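**Q** Construct all of the structure, not just a fragment, from the sequences and the given hints.
Which chain is which? The protein sequence lines are A and B, in order. Residue numbers for the first sequence follow the working numbering, beginning at 1 and rising by one. Residue numbers for the second sequence follow the working numbering, beginning at 1 and rising by one.
The hints are simulated quantities; they were obtained by calculation from the structure and are not laboratory data. Every value quoted in this text rests on a predicted model; they were computed, and no experiment measured them. C-beta: ideal position from N, C-alpha, C; glycine also. Treat the hints loosely; a few may be bogus.
Said to hold, decoys possible - Computed list of lysine to aspartate or glutamate pairs in DMTMM-like fashion (alpha-carbon distance at most 20 Å, straight line):
| no. | chain 1 | residue 1 | chain 2 | residue 2 |
| --- | --- | --- | --- | --- |
| 1 | A | Lys10 | B | Asp51 |
| 2 | B | Lys228 | B | Asp259 |
| 3 | B | Lys228 | B | Glu241 |
| 4 | A | Lys10 | A | Glu38 |
| 5 | B | Lys236 | B | Asp203 |
| 6 | A | Lys46 | A | Asp82 |
| 7 | B | Lys53 | A | Asp62 |
| 8 | B | Lys236 | B | Asp190 |
| 9 | A | Lys10 | B | Asp45 |
| 10 | A | Lys46 | A | Glu85 |
| 11 | B | Lys53 | A | Asp77 |
What the hints assert, rightly or not - According to the in silico footprint, chain A covers these stretches of chain B (three or more CB under 8 Å from chain A):
| no. | segment |
| --- | --- |
| 12 | 3 to 11 |
| 13 | 100 to 111 |
| 14 | 181 to 189 |
To be verified - Over 12 Å on every C-beta distance to chain B, these chain A residues come out as not near it, computed from the model:
| no. | residue |
| --- | --- |
| 15 | Ala14 |
| 16 | Val39 |
| 17 | Asp51 |
| 18 | Gly86 |
| 19 | Ala88 |
One-letter residues, chain by chain:
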Amino acid sequence: MTQQETPVRKVPVACTLNGQQTEFLAAPYQSLLEALREVVGLTGTKEGCNDGNCGACTVSLDGRIVDSCLVLAAEVDGRQVDTIEGMAPPHGLHPLQQAFLEEAALQCGICTPGFLVAARALLEREPHPDEHRIRLWLAGNLCRCTGYDKIVRAVQRAADETT
Amino acid sequence: MHPFIYVAPRTLDEAVAVLEQHGERARPFAGGTDVLVQLRGGRFDLDAIVDMKGVPEATTLELNGSLRIGAAVPCYQVYENSAVAAAFPGLIDAASLIGGIQIQSRASLGGNLCNASPSADGICPLIVHSTVAVVRGPQGERRVPVEEFCTGPGATVLERGELLVALEVPAPARGFGAAYQRFIPRNEMDIAVAGVGSALTLDTDGTTIASGRIALAAVGPTPLFAAKASAFLAGKPATPETFAEAGEIASTEATPIGDMRGTAEHRVELVKVLTRRTLAVALGRAQANR
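**A** Next up, the structure:
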């Protein structure tokens, strides 16, 4: 029993990805992050720490933000996944993306998709959070360039402009 | 990472059967926030992951005076439920403290218990609420007080084929209050250097403690029930002096090690301070609950 390999077949996953019905095959031990980037080809979601500390891989799963490195791809069968690729409207940018540009709220940019997806979830629930609330909500997103002040300002700006 | 299969049972019996078949090579899976990290880190290998989120008993949050928290119920469902939050603020202290929002979307108090980390934030509040862990296995159901569930770092009473189904938290008595606090050097998103959960029930006079419970995190091989400090509280006036003395006694029950997060001496001091503070918060809640 101990040396015998359990046969591991790929599993079909059908989910709503950025509003589109999407089907793909994933290994049962594959993370959602890996499947998004390497199977589906959506590389906007970034791998930072790959252990749930940094939030770079944040996506929305049934409307709740999660670290996609800590979700198995097999789990999202039948569910709704929203990534950074679905954030901007067809022409132009989401108000948060625009605010991040105008406030220069990014340096190397690796953490940015995760911050944007997380911040969108906050503003959808609480349109006018104060600075403390923004910092607490974004505590699960780390910026190694340490540009937190500009990120928080950008979120405040987006909140102010979408009254 | 060693390849494993993903099993999504719909019933407890199916889940138990898979766990029994694979023994230590399978684990129940809720939010995955511990087990996936441990697998990637090479702590152990698995042949099967048993996702409990399709099993109704493990995913239901039921408030009916007492509270039943399915083992796979994520933290956010606990603290976003306003009736639960109003009746069990001591549990909310922990559920809203574990990880960031992304982690709280997935991590469960049941998983926190099964992971059996000495520094688990979720376990002390469960202990002071006299919570019972409902376990299901090949031989049927058994019930284990939470303070007896963890047997060492990462080790629990669960035997081959067994899984945690739910946590049963008794209805708070009139005059009951509880609180949990931890010390971390950052503002959030960190592992406790030490943590203390406290609960007390006021006598009908409103000033005497009828009974109390204190539990300590990150100062021993498991989160531990501080039996002497808890027993000391019974019959004492609910005053800062009593709370300070309970802290002194609790600190003698701690058996901390020194590590990168803090020295053993620091942890002993933290037990005193956090015991005082959590008892004071618990008192406020007890008075509001009379």
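**Q** With reference to the structure, classify each hint as holding or not holding.
**A** Hints, one by one, checked against the model:
{"no.": "1", "hint": "Lys10/A - Asp51/B", "verdict": "holds (17 Å)"}
{"no.": "2", "hint": "Lys228/B - Asp259/B", "verdict": "violated (26 Å)"}
{"no.": "3", "hint": "Lys228/B - Glu241/B", "verdict": "holds (17 Å)"}
{"no.": "4", "hint": "Lys10/A - Glu38/A", "verdict": "holds (14 Å)"}
{"no.": "5", "hint": "Lys236/B - Asp203/B", "verdict": "holds (10 Å)"}
{"no.": "6", "hint": "Lys46/A - Asp82/A", "verdict": "holds (14 Å)"}
{"no.": "7", "hint": "Lys53/B - Asp62/A", "verdict": "holds (14 Å)"}
{"no.": "8", "hint": "Lys236/B - Asp190/B", "verdict": "violated (35 Å)"}
{"no.": "9", "hint": "Lys10/A - Asp45/B", "verdict": "holds (19 Å)"}
{"no.": "10", "hint": "Lys46/A - Glu85/A", "verdict": "holds (12 Å)"}
{"no.": "11", "hint": "Lys53/B - Asp77/A", "verdict": "holds (13 Å)"}
{"no.": "12", "hint": "3 to 11", "verdict": "holds (count 5)"}
{"no.": "13", "hint": "100 to 111", "verdict": "holds (count 6)"}
{"no.": "14", "hint": "181 to 189", "verdict": "holds (count 3)"}
{"no.": "15", "hint": "Ala14", "verdict": "holds (14 Å)"}
{"no.": "16", "hint": "Val39", "verdict": "holds (15 Å)"}
{"no.": "17", "hint": "Asp51", "verdict": "violated (5 Å)"}
{"no.": "18", "hint": "Gly86", "verdict": "holds (18 Å)"}
{"no.": "19", "hint": "Ala88", "verdict": "holds (22 Å)"}
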